[in-house]
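**Q** Spelled out, the chains give:
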Amino acid sequence: MNTKENIKKIIVKKPLKLDCGKTISDYPLAYETYGKLNEKKDNAILVFHALTGDQFVTGKNPITNKPGWWNYLVGPNKAINTNKFFVICANVIGGCMGSFGPSSINPENNETYGTNFPVITINDMVNAQYNLLEFFEIEKLYSVLGGSMGGMQVLQFVANFPNKTKTAIPIACTASHSAQNIAFNELGRQAIMADTKWKDGNYLKLNLSPDKGLAVARMAAHITYLSKKGLQEKFGRKLQEKDDLNFSFDADFQIESYLRYQGSIFVDRFDANSYLYITRAMDYFDLTKEYKGNLSKAFEKTKTKFFIISFTSDWLYPTSENKEILIALNSSGADVGFIEILSDKGHDSFLLDITEFLKTVKNFLEANY
Amino acid sequence: MKKEFQIISDLIDNNTRVLDVGCGDGTLMKFLKDEKNVDTRGLEISKENVQNCISKGLSIIEGNAEKDLHQFPDLSFDYVVLSQTLQAFYDPEKVIEDLLRVSKKAIVTIPNFGYWKVRIHLLLKGTMPVTDALPNEWYSTPNIHMCSIKDFYNFCFRKKIYMTKSIALNKEQTSSINKRNINLKNLNSELGIFLIKK
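From first to last, the protein sequence lines stand for chains A and B. Numbered by the numbering used here, the letters in the first sequence go through residues 8 to 376 in order. Numbered by the numbering used here, the letters in the second sequence go through residues 15 to 212 in order.
Some hints could be false.
As the list claims (entries may be wrong) - Some residues of chain B that are not near chain A, with every Cβ distance over 10 angstroms (derived):
hint, residue
1, 51
2, 131
3, 136
4, 137
5, 183
6, 190
Said to hold, decoys possible - With beta-carbon atoms standing in for the labels, derived distance ranges:
hint, chain 1, residue 1, chain 2, residue 2, range
7, B, 149, A, 263, 46 to 56 angstroms
8, B, 154, A, 359, 27 to 37 angstroms
9, B, 201, A, 49, 49 to 59 angstroms
10, B, 53, A, 44, 26 to 36 angstroms
11, B, 158, A, 66, 50 to 60 angstroms
12, A, 193, B, 27, 54 to 64 angstroms
13, A, 307, B, 81, 18 to 28 angstroms
14, A, 307, B, 84, 16 to 26 angstroms
15, B, 152, A, 296, 48 to 58 angstroms
16, A, 366, B, 136, 42 to 52 angstroms
17, A, 374, B, 81, 20 to 30 angstroms
18, A, 183, B, 29, 33 to 43 angstroms
19, A, 366, B, 154, 26 to 36 angstroms
Derived from the structure by calculation, the hints contain no laboratory data. Each residue gets a CB set at the ideal place from its N, CA and C atoms; glycine is no exception.
For reference, chain A alone in the conformation it holds in the complex (with noise of 0.2 angstroms):
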């Protein structure tokens, strides 16, 4: 793993109020940049990364020597073109890539904060991000976008800043986290605290690497991430190099070891407080209790032209809990267009090379430029 003491961030001076009620300030932001700032300032669009992901959203990461999570629709020429666009992203607060977050030393102790860390919430994220906009002087961001837990984020941005940016993209993603949303990270939160090397959260004092727990984690996520059809269609009950059972506990089936491997690169490049801390927000995010109950007041204010994106075999953020939210926005009068793509690839769809949705955003954004 490259040292990540050479990644960009700005140092936010300004008090920032919590949820929880403490504040913070002279707090770290890791970002990263694409593309360049015109002139007017008016081509820079802020993306929000979903909940393992980070600021480097496209070409290769430097910390993990992987290509960036949104490669396939960030870049020159693609569906957010980077010749015409400044792309920025930020690490989210809580998080593990250069941002403040439970690994973080603590002045008071010269210690990581691990548990002592504050609970955060998917409001005090965007809210730590707008510092992003006085940072590069930027009055209004043409677009802001993200899937998942970046789409809540982008929901959260407009109902806090509503004429700060021009247009909107929520994709695959609620205003308000469901029962059984909140049921998948619970498993993966027990699955990390269970683990005997999580020590109460103080591993990184000690040493040590809840990696079995993170492991866990990681793996039963993964499942909400695809679709049924699709894993039968990838996997089906092939064996993994061998010609018949093993009667054991070994990995027998591909989709085992497939499993397994997608949780033991996740433990590289993750810290498993980060997890808690993050998934904590997501379950925390009901932009509709925010408002009372109705969701259209959190857009009463906004002239933002939103588009809503989400995909057939997405069950984690269903069609349905995206098109409250356009339900929300009709009923406040708010410009929005929304589109269902086709995809067997479940949530994780909108990370994927998807020619219509990238279509559908390069569109759009053309469009509207």
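Starting from the known structure of chain A, arrange chain B on it as the hints suggest.
**A** Coordinates of chain B only, in the frame set by chain A:
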């Protein structure tokens, strides 16, 4: 732009809010937006047409009038347009009710099943009519509730729906429809265009 759209456009005041139900590739919406400063929304079932509308910078929602009109609040538009699609719905009566719920006025256009060519086709050939306005065979037509100008006229009368404007279109010729000429217009018009309200 086709004549039908010109007539519809003439019925719509500048600077209003319009919902185009079944807006196709967005030709009418684009015209209304650019020429009349209309705030437009489109509802369209075909994904290809949705993409066409996105490319034109139009606000387009993928959806179907029978399932997706409920998302719009009461009287949230000044006009709602339904061009040649009423006959494709399972429950056209409910759709008309919904159109007049979301909008003060509705502009509904009807391919006229009472047109003489249609009548002759059925009378002489004895098979389901196939014409320029109704190009599909019976087994592949999306049109399951065909009606004539006279049917729609009577429907509005029975449902106490007020017809502000009733226009007949034949080739490029327009004329107005009224109680006295309804039988003639029902025979010699390809298309009926109605501006209705509750």
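**Q** Look at each hint and say if it fits the structure.
**A** Each hint, compared with the structure:
{"no.": "1", "hint": "51", "in the structure": "holds (14 angstroms)"}
{"no.": "2", "hint": "131", "in the structure": "holds (38 angstroms)"}
{"no.": "3", "hint": "136", "in the structure": "holds (39 angstroms)"}
{"no.": "4", "hint": "137", "in the structure": "holds (44 angstroms)"}
{"no.": "5", "hint": "183", "in the structure": "holds (31 angstroms)"}
{"no.": "6", "hint": "190", "in the structure": "holds (34 angstroms)"}
{"no.": "7", "hint": "149(B) - 263(A): 46 to 56 angstroms", "in the structure": "holds (55 angstroms)"}
{"no.": "8", "hint": "154(B) - 359(A): 27 to 37 angstroms", "in the structure": "holds (34 angstroms)"}
{"no.": "9", "hint": "201(B) - 49(A): 49 to 59 angstroms", "in the structure": "holds (58 angstroms)"}
{"no.": "10", "hint": "53(B) - 44(A): 26 to 36 angstroms", "in the structure": "holds (31 angstroms)"}
{"no.": "11", "hint": "158(B) - 66(A): 50 to 60 angstroms", "in the structure": "holds (53 angstroms)"}
{"no.": "12", "hint": "193(A) - 27(B): 54 to 64 angstroms", "in the structure": "holds (55 angstroms)"}
{"no.": "13", "hint": "307(A) - 81(B): 18 to 28 angstroms", "in the structure": "holds (26 angstroms)"}
{"no.": "14", "hint": "307(A) - 84(B): 16 to 26 angstroms", "in the structure": "holds (20 angstroms)"}
{"no.": "15", "hint": "152(B) - 296(A): 48 to 58 angstroms", "in the structure": "holds (52 angstroms)"}
{"no.": "16", "hint": "366(A) - 136(B): 42 to 52 angstroms", "in the structure": "holds (43 angstroms)"}
{"no.": "17", "hint": "374(A) - 81(B): 20 to 30 angstroms", "in the structure": "holds (26 angstroms)"}
{"no.": "18", "hint": "183(A) - 29(B): 33 to 43 angstroms", "in the structure": "holds (36 angstroms)"}
{"no.": "19", "hint": "366(A) - 154(B): 26 to 36 angstroms", "in the structure": "holds (28 angstroms)"}
In terms of the numbered hints stated before, the structure departs from none.
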